[in-house]
Amino acid sequence: MNDYKTTVGIEVHCELKTNAKMFSNSLNNYGGVANVNINEIDFALPGTLPTINQYGVELGIKAALVLNCTINKKVVFDRKNYFYPDLPKGYQITQARNPIGVNGYVEIEVDGKKKKIGIHDIHLEEDTCKSTHADTKSYLDFNRNGVPLLEIVSEADMNSPEEAMAYLEKLKELLLYANISDCKMEEGSMRCDVNVSVSKTDKLGTRTETKNIGSISSVGRAITSEAARQIQELEQENEIHEETRRFDEKQERTILMRVKETGNDYRYFPEPDLPPYYIDETYIDEVRKTIDVMPDKRRSIYLEKGISLVNANKLIQNKPLSDFLLGLEDIDLVIASNLLLGDISSYLNKTEKKITETSLTQAKLREVVMLLKENKITNKVFKDILVDLMETDLGISEIIEKKGIKTISDESALLDVITKVIEANPESVKDYHEGKDRAIKYLMGQIMKETKGQANPALVNQLLQQELAK
Amino acid sequence: MNNLELSIKEIHSRLVNKEITPLDLVEECYEKIEAGNHLNSFITLNKSEAMEYAKELSSQEVETDNLLWGIPIAIKDNISTKDIRTTCASKMLENYIPIYDATVIEKIKKQKMIIIGKTNMDEFAMGSTSRTSYFGSPKNPVDPTKITGGSSGGSAACVAGGLVPLSLGSDTGGSIRQPASYTGIVGMKPTYGRVSRYGLIAFGSSLDQIGPMTRNVYENALLLNTLVGKDHRDLTSAEKEIEDFTRLIGQEVKGMKIAIPKYFVSDIVSPVIIEKLNHVVELLKANDNTVDYIDMKYLDQAVTLYQIIAMGEASSNLARFDGVKFGYRSESSSTVEEMYENTRGEGFGKEVKRRIMVGSYLLSGDNAKTYYDKALMIRNAMKKEFDKVFKEYDFILGPTTTTVAYRLDENLDDPTKSFMDDVLVIPVNMAGLPGMSIPMGKDQENMPIGLHIIGNRFEEAKMYQLAYDLENKLK
Amino acid sequence: MNKLTKEEVRHVAHLARIKVTDEEIEKYQIDLGKLLEDVDKINDIEVETDELLVTPVDQEAILRNDQETRSVNFDEIKKNVPAVTGNFVEVPVMIGE
Chain A
0 MNDYKTTVGI EVHCELKTNA KMFSNSLNNY GGVANVNINE IDFALPGTLP
50 TINQYGVELG IKAALVLNCT INKKVVFDRK NYFYPDLPKG YQITQARNPI
100 GVNGYVEIEV DGKKKKIGIH DIHLEEDTCK STHADTKSYL DFNRNGVPLL
150 EIVSEADMNS PEEAMAYLEK LKELLLYANI SDCKMEEGSM RCDVNVSVSK
200 TDKLGTRTET KNIGSISSVG RAITSEAARQ IQELEQENEI HEETRRFDEK
250 QERTILMRVK ETGNDYRYFP EPDLPPYYID ETYIDEVRKT IDVMPDKRRS
300 IYLEKGISLV NANKLIQNKP LSDFLLGLED IDLVIASNLL LGDISSYLNK
350 TEKKITETSL TQAKLREVVM LLKENKITNK VFKDILVDLM ETDLGISEII
400 EKKGIKTISD ESALLDVITK VIEANPESVK DYHEGKDRAI KYLMGQIMKE
450 TKGQANPALV NQLLQQELAK
Chain B
0 MNNLELSIKE IHSRLVNKEI TPLDLVEECY EKIEAGNHLN SFITLNKSEA
50 MEYAKELSSQ EVETDNLLWG IPIAIKDNIS TKDIRTTCAS KMLENYIPIY
100 DATVIEKIKK QKMIIIGKTN MDEFAMGSTS RTSYFGSPKN PVDPTKITGG
150 SSGGSAACVA GGLVPLSLGS DTGGSIRQPA SYTGIVGMKP TYGRVSRYGL
200 IAFGSSLDQI GPMTRNVYEN ALLLNTLVGK DHRDLTSAEK EIEDFTRLIG
250 QEVKGMKIAI PKYFVSDIVS PVIIEKLNHV VELLKANDNT VDYIDMKYLD
300 QAVTLYQIIA MGEASSNLAR FDGVKFGYRS ESSSTVEEMY ENTRGEGFGK
350 EVKRRIMVGS YLLSGDNAKT YYDKALMIRN AMKKEFDKVF KEYDFILGPT
400 TTTVAYRLDE NLDDPTKSFM DDVLVIPVNM AGLPGMSIPM GKDQENMPIG
450 LHIIGNRFEE AKMYQLAYDL ENKLK
Chain C
0 MNKLTKEEVR HVAHLARIKV TDEEIEKYQI DLGKLLEDVD KINDIEVETD
50 ELLVTPVDQE AILRNDQETR SVNFDEIKKN VPAVTGNFVE VPVMIGE
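Residue numbers (numbering that gives the first Met the number 0), protein chains in the order written: chain A, 0 to 469; chain B, 0 to 474; chain C, 0 to 96.
The following block holds chain A by itself, in its conformation from the complex:
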């Protein structure tokens, strides 16, 4: 049975992070009170016409760039006609003939092996209404209707659940980092339909489509179970039918939804209400400039700077933290990442804040990292001043002063303490000179006690040795 090859292609829909809808000028925001972000265009009132959201097109261009697609410079739309209550116009405006991007790819890595997954095309379209169902009635909320969608159609280039998951992770990372979409599968801002087929030969088998899978790990499990089902069918000499299925999480298997209608019944035709829009090179260059440093690039910088792979990935998964480090590449990123992933993250979790909502600035972080690196403050001091760092606009020295922390960077203050301790413990000094190791530990302990733990041990050690040698 192992001689079957599984082939997977994936269609991803993700909602674009615009302010307004794609073809209507109402707000792109749903999930709250029903039917508030609507106007006559969303309700397809007779006589209304669509318009094109400039930023929606821009995000389309951006997506084409980060997914390595060739951009179709003539932007035109088509109508996809079908009847469903969640589709108010009776057609969806989409790009069937001239998608905004074609022939792209993303690179994935599975078990240390790199592979390019082809992207057939990406196109702009609009979302439908949200519906809820009771026994005999369904209820429509038009807030989601018209929200900009980007559909990303992969080539059938994946051959395992792991590759499919890696592809989706990669896609998500890219779209998130380019600020194109939130990509929250659990909230529906990213949705996947997975095409699976199995075959013993080079000729692809008949594929099925599994729709609306809820998470990336479910995609992996759905592929595993669907491929197994198909192999079992074929082994029993049954045929595979082209059909639409869904993945049942509890039963861990795919379930038939409907047999695919044959032929093209969507009656696509060019949208006459929207004349072409032409993208020029200057515009593409401008969009290119707005693209943040992509995750792969960031990861390689992190690794280069000595951050562990685990921590590098943790940073990438937390885009706001990773963004915070942009422009700070010259400082000690190991210390910085430890602070961000450690105490700062705990603080953010506890207070349910985003890093951008705190008073921590890049300049402050830079200073703290320097002080730590030069042993001018201890981790303990950092913990003590954290809340003030995050919640006030005070500078670090101001905080330290305010809190009455004797700073350790103050050598003369430290020397005073050291001298005092040496004078108070002549026995230990004697022991030290007789070469007893215990003595210096004891003296260190006394100094730390005097300084309430704020002194930098390395510095204390250095100064103590220096004083004792006198």
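Keep in mind the hints are simulated off the structure, nothing from the lab. As the structure is a prediction and not an experimental result, all values here were calculated from the model.
25 Å max Cα-Cα, derived BS3-like pairs, lysine-lysine:
#1 B:K368 - C:K2
#2 B:K373 - A:K73
#3 C:K78 - B:K108
#4 C:K26 - B:K90
#5 C:K2 - B:K416
#6 B:K373 - C:K40
#7 B:K108 - B:K229
#8 B:K349 - C:K33
#9 A:K16 - A:K169
#10 A:K73 - B:K229
#11 B:K349 - C:K26
#12 C:K77 - A:K129
#13 B:K349 - C:K5
#14 B:K416 - C:K33
#15 C:K78 - B:K46
#16 B:K261 - C:K40
#17 B:K368 - C:K40
#18 C:K77 - B:K90
#19 B:K373 - C:K2
#20 A:K73 - B:K368
#21 A:K136 - C:K77
#22 B:K46 - B:K109
#23 A:K136 - C:K78
#24 A:K73 - B:K383
#25 C:K18 - B:K90
#26 C:K40 - B:K416
#27 C:K33 - B:K368
#28 B:K383 - C:K40
#29 A:K79 - B:K373
So, partial list: chain B residues that the calculated Cβ filter (under 8 Å) puts toward chain A:
#30 I98
#31 S204
#32 S205
#33 S315
Residues on chain C that point at chain B, a partial pick, calculated with CB under 8 Å:
#34 A15
#35 K18
#36 I61
Yeah, the Cβ is synthetic: ideal placement off N, Cα and C, and Gly gets one too.
Based on the hints, put chains B and C in the right spot on chain A.
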């Protein structure tokens, strides 16, 4: 009270001189509409609101620089009017009251014109006789046993019958010009994009255009001044400098080059109509204009193209009438599928259903390529053919229709006849050109005959110059 | 061109979501057949361009600013909605997806 028989200029001066008020005009309109009830020009009257507004205006200063101030106007019932029922002459929208104004309505209101009512038409503008109206056929004021033409039949009839001085129609394949010709008035379909379509209930989106229907050429140009302009809500509306369409009116038409495609004077046209056209040609030649009879490709294909493109677009445009959001919903439906099929089966009339079916068929499966794409290619070639002619000529002329208005009971239920009524005017919509019909005489039975003037894109002002010149010479 | 079969008429009626009775189907077979006979002539036409003219507009689309939004109160819109429950538009239960 016979103020409505005066020209707009004369009415305006009476308003300025305080001899009359807008209320007098509106009252006269409704009296005439009542007396002309048998014409069935209107589906909905806006009487109480119009009277109210007229009273309000009557207490205000007349805007002396605004000839259309306080002038009554009738609106075709496929143009969205806030708080005034808009039915498209269909059971589907029998009780639909829009919550927004079409862009042209906003403009008309800004001009302080008074909306008298919504005029009768073919259901969803699908027809050439206005007989597909759910509210019964309007009748031709020249001879009430005859059709008004269509689809803007009511808008033509109310102006021709003297009930209202001005009206708005819409033209997808001749729906302004053909009824204007049948009822003996002036109708202009402007260049595609000249007038915003926002609020015009779509039939064939790439063909539809709103235009003025009036008693004479000057008033037509005057009303067009109000309607035009780029509208950010309609991406197909054109960005053009503001111009006065009356500015060339009165200037002599001399040394112009005029083309008449041979197809427009072929044996599909009645001899009496050709005769009138020949007279026009004589008049033009007498004033140093040249008239050439030319060959033009594809003209005879226009009806076929129209059937494919207009019905294809219509099948999609009318999908929103599904009983979910507005308009008619069939009660006897327990599933969504039943709701759709019953609502649309019961809400649409015969002709509309037939056209939606044909349109759906032409776009389904491979037909989209074999028919629809091919039609759009020929359309492209046809537009290029027009462009070629306009490189050399100022105007293209022909008759508006092949016959005069026929009897209300003639040619009923022939699915193809209604398209043939528009055979001479459809090419203009395909190429997005401006086209207008002006009266050029009458037949033995006194039925009006229209002259069709086709101009180059955005050259409406020049068309008005010619039309005004001929209007005077034909008097 | 051949007359449409009854099945084809039913298929088209379903695509268009228009209820047709058996008698109507026969009438549609004739009417649609006639219209399609006209339309079929298009196949005989030779044309020297393969470019489609979707709209006669020759100006490029002007795009809308993402920041400008406008909403309409549902109370306004619902005046025309055939069935409303609370803040929702009501339809017979949707089957399928």
